[in-house]
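**Student:** Chain residues, written in single-letter form:
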Amino acid sequence: MAVPVTYYLILSAMLFAIGVTGVLIRRNAIVIFMCIELMLNAVNLLFVTMARYMGSGSGQVFVFFVMAVSAAEVAVGLAIIIALYRNRQTLDVGEVNLLKW
Amino acid sequence: MEQIFFFVFAAIALVAGVLLVAFRNPVYSALSLVAAFFALAGLFVLLNAYFLAAVQIIVYAGAIMVLFLFVIMLLNLGHAGALERVAGKYRRVAVVLLAAVLVAQLGFMAGRHWAGTPVSDEAPLFTDNVNAIGKLLYTRYLFPFEVVSLILLVALIGVMVMVKRDRGGGESRSR
Amino acid sequence: MDYAIESVVKIVVVFGGMLGAVAYLVLAERKVSAYIQNRLGPNRVGPWGLLQPLADGLKFLFKEDVIPRHVNRFVYLAAPPAILVPALMGFAIVPFGDTMTLWGHEVRLQIADINVGVLYLLALASLGVYGVVLGGWASNNKYALLGGLRASAQMISYELALGLSLIGVLMAAGTLQLDEIVRQQSERTLFGFLPGWNVFTQPLGFVLFTAAAFAESNRLPFDLPESEQELVAGYHAEYSSMKFAMFFMAEYAHMITASAVIATLFFGGWHMPWLVDPGSSSIGASLLKLLAFLIKTGFFMFLFLWVRWTLPRFRYDQVMWLGWKVLLPLALLNVFLTGLYLTLTH
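Just so you know, the sequences run in chain order A, B and C.
Going by our numbering, the first sequence opens with residue 995, and the numbers climb by one from there.
Going by our numbering, the second sequence opens with residue 18, and the numbers climb by one from there.
Going by our numbering, the third sequence opens with residue 12, and the numbers climb by one from there.
Keep in mind that the hints were calculated from the coordinates and are not lab data.
Here a beta-carbon is modelled for each residue, glycine too, at the ideal position from N, C-alpha and C.
Do not rely on the hints blindly, as some may be mistaken.
Claimed, not checked - Stretches of chain A that chain B covers, calculated by requiring three or more beta carbons in the stretch to come under 8 angstroms of a beta carbon on chain B:
id, region
1, 1001 to 1014
2, 1024 to 1033
3, 1043 to 1056
4, 1069 to 1079
As the list claims (entries may be wrong) - Quick list of in silico lysine-lysine cross-link-like pairs, DSSO-like style, CA-CA up to 27 angstroms:
id, chain 1, residue 1, chain 2, residue 2
5, C, Lys-336, B, Lys-181
6, C, Lys-153, C, Lys-74
7, C, Lys-42, C, Lys-74
8, C, Lys-42, B, Lys-181
9, C, Lys-70, C, Lys-42
Claimed, not checked - Restraint-style ranges between C-beta atoms, simulated for each label pair:
id, chain 1, residue 1, chain 2, residue 2, range
10, A, Gln-1083, C, Leu-353, 47 to 57 angstroms
11, C, Leu-65, B, Leu-167, 27 to 37 angstroms
12, B, Leu-31, A, Val-1087, 42 to 52 angstroms
13, C, Glu-75, B, Leu-167, 51 to 61 angstroms
14, B, Met-126, C, Phe-26, 27 to 37 angstroms
15, B, Arg-41, C, Pro-340, 55 to 65 angstroms
Can you build the whole structure from these sequences, using the hints too?
**Tutor:** Structure below.
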């Protein structure tokens, strides 16, 4: 029994929503970052579903690109987090307000 | 059979996602994200994307999340003093509402257009996944591929410069 | 139905064999180290100490199981299985023999022949680090934490070399299936007399892969995460009884899987050159092929022991230097050379 496309799409939407919620309500920079990863993965799931549905490999290639870019993003982001923590001893995004006004 | 697997993996992914947002300790958050990545790899297998399932484990679970754990442990963010404060009551209500609205919206959009269409069995299955993806990568998507490799290189150098503590002499740390 | 029964039997046999091999590899380690250091080694339990693993197992089972009060209980309990399970799963895709005809029934001596075989192995290798990192963190002990930190940095660094050193083999083979890679090696000869093993076509890849595999299994000279003299025992300092035994078994299971993979990818797996016709599937030939696989794997297990008792430990910066500035560029060079050769000959 095959699974309808809708199920995958809704699952992807829910995961994305969870990620967005996390980004909006959490204050710890590293957790926010992980929520962004979850959002990227929700989109990856969408890509793979559509690749399967359309019978084309392009969707899978894009997931590959997303993974490579998110690996780069994580490396840079974590470096920023380390630098931030060294300078301010906090990862609370509410307290990193040096550029605010 | 396929549906059972789908629901199991979907449930794991959703629960892990919620826990990721809910846990106060970043180490637990990271672990639940790892669980979500495993569930997604399982879903990729269900969708015949074997190559991506393997890469998902290698890149996300094996490299990215280990890096997250490394940083959390290096900065010792798991100890009690570093935990963020609990959100207030109104904020929690707002969060639940917001999440519900988001899911409903996205689900509605997804459901309206694709309602009832099963993942077609007639569509050519990628049994020779790696081969097909490799061919696409080096023909149609050659330019994006090169750009991605450049991005990775830039990230590598940028990170080196950023994290290095004392410029000029001294021992250098590499990751 | 037949297929399911066959798979279950194979899983049970391989799993049991793996655990037995782990137990006797520990004994072999003690015997080899004794021989290298001019000692006798265990010789009290049974003839030549052959029942020693049994005694060790009983001892582990009956020891008091201490869970220190300061640990993070959930993660502390989850870490030992998290390292043992990936270590045992790796063997599932290694072909330990050719197709064998048993009772008029063709049996493939491999649990699962999945089409992304090599990637599966790399994925498991990259998961092995979780048990170490989590065990180190949950123990709430500075030595354990340092061990965990070292392990994560070391394993991420050497995974790159591990993966890249295989690219050459994969480029030449054009497949990720281990069974197919073995078959290709068994079906060709080099210069008319050498068996067509990848070690002769990819010598650099073999050396790099072996070095990276040593680092991935945290064996000396790369056992920085546990280094007894400076970190007490590193990530498993707070573990006792069966939970410590699981860390211990995982290390040996890693060694066995790594040896089997090296034998498969670089030394023709079950291929026995000159003696056995690779195409033959008679019962005698199949058994000889199985024997060939066991001999090759056994040799690499011995190599792991030999190196451990011969070389001193690296300093931490030396480990990083070796991984990033020696193995990685050489692996890239290997990819380049293989690509060049393939382009020129095709």
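**Student:** Now tell me, hint by hint, if it's right for this structure.
**Tutor:** Checked hints:
1. 1001 to 1014: With 14 residues close enough to chain B, the hint holds.
2. 1024 to 1033: holds (count 7)
3. 1043 to 1056: The restraint on the region 1043 to 1056 of chain A holds, since 10 of its residues have a Cβ under 8 angstroms from chain B and three suffice.
4. 1069 to 1079: Holds, because 9 residues of the region 1069 to 1079 of chain A bring their Cβ atoms closer than 8 angstroms to Cβ atoms of chain B.
5. C:Lys-336 with B:Lys-181: holds (17 angstroms)
6. C:Lys-153 with C:Lys-74: Cα-Cα ~25 angstroms, so holds.
7. C:Lys-42 with C:Lys-74: holds (24 angstroms)
8. C:Lys-42 with B:Lys-181: violated (46 angstroms)
9. C:Lys-70 with C:Lys-42: holds (19 angstroms)
10. A:Gln-1083 with C:Leu-353: 47 to 57 angstroms: holds (53 angstroms)
11. C:Leu-65 with B:Leu-167: 27 to 37 angstroms: Since the Cβ atoms of Leu-65 (chain C) and Leu-167 (chain B) sit about 58 angstroms apart, the hinted range of 27 to 37 angstroms is violated.
12. B:Leu-31 with A:Val-1087: 42 to 52 angstroms: violated (25 angstroms)
13. C:Glu-75 with B:Leu-167: 51 to 61 angstroms: With a Cβ separation near 57 angstroms, Glu-75 (chain C) and Leu-167 (chain B) satisfy 51 to 61 angstroms, so the hint holds.
14. B:Met-126 with C:Phe-26: 27 to 37 angstroms: violated (47 angstroms)
15. B:Arg-41 with C:Pro-340: 55 to 65 angstroms: 43 angstroms Cβ-Cβ, so the 55 to 65 angstroms window is violated.
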